[in-house]
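**Student:** Sequence:
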Amino acid sequence: MANVTPQETETEGDERPDRVNLGCGDDYRDGWLNVDVDDRHDVDVVHDLEETPWRWGDSQFGHVLMDNVLEHIAVEHRTAVLEECHRILEPGGTLTLRLPVPEVGAGWDETHHAVPHWRVLCHPRWRDRWAVDRIAGSKVGPGRLFPEPLARLATRFWVFRGMDEVTVTARALPE
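Just so it is clear: in the sequence shown, position 141 is 141 by my numbering, and no numbers are missing.
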């Protein structure tokens, strides 16, 4: 397993955060370890999540957030990424995945390898790893996906009347 020295994950003030924001992009969160592959963003650590094993120690974090990140991970790397999330979480720690719903505009983004189904952690392969606590849908709104004239037109179609983003929260089960 990949382990690192505490210095590699410390932030200002020499406090090691309990929460990690993987694939943070522009969503820098104070008090979190903010990680992204792109050093043009304000990040604490530059790291490609597809390169496993990750540099953090076992059971190092109480919470992992992947907000619209998993769909940018190549399909062949997703199992390893979810395994790494489990490894770096303390038993009982939580993973929050926010995913687009494939049928709406975000599901068509060319930077998405393939949009994972929101039930990804409900699959039998993860039964001994994750306990899904919550699945919630939200409406982002077509204004985020299209220019305003197209957004008004898009709302007339049934696909935009439901949810267009899903948040899955799961607890890491002990091994």
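No lab work stands behind these hints: they were computed from the structure.
Since we're looking at a predicted model, the values are computed, not measured.
All C-beta atoms in this analysis are idealised placements derived from N, C-alpha and C, irrespective of residue type, glycine included.
Any given hint could turn out to be false.
Restraint-style ranges between C-beta atoms, simulated for each label pair [to be verified]:
| no. | residue 1 | residue 2 | range |
| --- | --- | --- | --- |
| 1 | 42 | 174 | 31 to 37 Å |
| 2 | 75 | 124 | 17 to 23 Å |
| 3 | 59 | 124 | 21 to 27 Å |
| 4 | 16 | 42 | 25 to 31 Å |
| 5 | 127 | 80 | 25 to 31 Å |
| 6 | 127 | 28 | 23 to 29 Å |
| 7 | 18 | 134 | 16 to 22 Å |
| 8 | 30 | 123 | 19 to 25 Å |
| 9 | 127 | 53 | 28 to 34 Å |
| 10 | 53 | 171 | 20 to 26 Å |
| 11 | 173 | 40 | 32 to 38 Å |
**Student:** Which hint numbers does the structure go against, in order from smallest to largest?
**Tutor:** 4, 5, 6, 8 and 9
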